[in-house]
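A.B. asks: These protein sequence lines are chains A and B, in that order.
Those letters in the first sequence? Residues 0 to 102, per numbering that gives the first Met the number 0, in order.
Those letters in the second sequence? Residues 0 to 134, per numbering that gives the first Met the number 0, in order.
Note that these hints are calculated values from the structure, not bench results.
Every residue gets a Cβ at the ideal spot worked out from N, C-alpha and C, and that includes glycine.
Don't take every hint at face value.
With a Cα cut of at most 25 Å, we get these calculated DSS-like pairs of lysine-lysine [what the hints assert, rightly or not]: (1) 50(B) <-> 20(A); (2) 123(B) <-> 88(A); (3) 124(B) <-> 48(B); (4) 22(B) <-> 116(B).
Chain B side only, calculated, beta carbon under 7 Å to chain A, not exhaustive [to be verified]: (5) 65; (6) 99; (7) 106; (8) 107.
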Amino acid sequence: MTLLITVFAAVIATLTWYNRKNDDLKIEVLCFMYWGASLMWLIDAIFEFAELKADYFAPAAQDMLNDAFLGLAVVALGLVIWVCVLLIKDPKGSVRAALKKSN
Amino acid sequence: MACFLVSAAEAAVVKAVEKHEEKVEAQAAVSESAVNEAEVEPKIPMSRKLKWLTRLLIGGAVLLAFEHVWHGEVVPWFPFLTAMSDPADTAEMLHEMATVGVSMAVLITAVWFVMCKVADALVKKPVVEPEKTIA
Numbered sequence: 000m001t002l003l004i005t006v007f008a009a010v011i012a013t014l015t016w017y018n019r020k021n022d023d024l025k026i027e028v029l030c031f032m033y034w035g036a037s038l039m040w041l042i043d044a045i046f047e048f049a050e051l052k053a054d055y056f057a058p059a060a061q062d063m064l065n066d067a068f069l070g071l072a073v074v075a076l077g078l079v080i081w082v083c084v085l086l087i088k089d090p091k092g093s094v095r096a097a098l099k100k101s102n
Numbered sequence: 000m001a002c003f004l005v006s007a008a009e010a011a012v013v014k015a016v017e018k019h020e021e022k023v024e025a026q027a028a029v030s031e032s033a034v035n036e037a038e039v040e041p042k043i044p045m046s047r048k049l050k051w052l053t054r055l056l057i058g059g060a061v062l063l064a065f066e067h068v069w070h071g072e073v074v075p076w077f078p079f080l081t082a083m084s085d086p087a088d089t090a091e092m093l094h095e096m097a098t099v100g101v102s103m104a105v106l107i108t109a110v111w112f113v114m115c116k117v118a119d120a121l122v123k124k125p126v127v128e129p130e131k132t133i134a
């Protein structure tokens, strides 16, 4: 479930990056982060599948809920990191302009 | 248990190589400044490609580290990894790092390699203007 949610987040981020008007929003940060995590969880899933075989596809409801919750938390953390990178790098100069403003 | 550490370690090494490559490219750019720009074949600098790999590795490692915190495998106090407190768990953790962790790093590097090849091919391909529809 965590892998699925992260893959969906990666695909949405990539499509958003493809349709971007400019690089001001630094969407590529999100793409790399989500794709990196998706690939790593894919390996995790392959090893788990090798161990559990068909049982891998029939997880307990409680485990699935926990994994879904973790997946959403991972997506949220990715978004928070992206916003922090955006504010620190400040490609549009919005933060600097706001800080230089007298009032 | 700590599989993300392998990718994090690779990211650190790649970052160092990327910084070195940036310096080499900057020096090469200065020495080649006399060459006509039109004659230079368009290509993606190696430092930029290495930046992609670093981002993939760091991004994945950070989100996986969060997952380990979620599962209580990483804690904010020494020795930071719960598996380190018991020798049997430590052996299992090292085995997981050698199998799952290395596989993760290898897959990400392989995907990055394919990505670089595709990107090089795309850059060399001439830009085709989309056909305009006649009203």
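A.B. asks: For each hint, tell me whether it holds in the structure or not.
C.D. replies: Evaluation of the provided hints:
Simply put, residue 50(B) and residue 20(A) have alpha-carbon atoms about 22 Å apart, close enough for the 25 Å limit, and the pair holds. Restraint check for residue 123(B) and residue 88(A): the C-alpha separation of about 30 Å exceeds 25 Å, so the hint is violated. In summary, the hint linking residue 124(B) to residue 48(B) is supported, as the alpha carbons are separated by about 18 Å, within the 25 Å threshold. At roughly 23 Å between alpha-carbon atoms, residue 22(B) and residue 116(B) fall within 25 Å of each other, so this suggested pair holds.
The restraint placing residue 65(B) at the interface with chain A holds, with a minimum CB-CB distance near 5 Å, inside the 7 Å limit. Look at residue 99(B): its Cβ gets to within about 5 Å of chain A, closer than 7 Å, so that hint holds up. The beta carbon of residue 106(B) comes within 5 Å of a beta carbon in chain A, closer than 7 Å, and the hint placing it at the interface holds. Hint on residue 107(B) holds. Least Cβ distance to chain A is approximately 5 Å, under the 7 Å limit.
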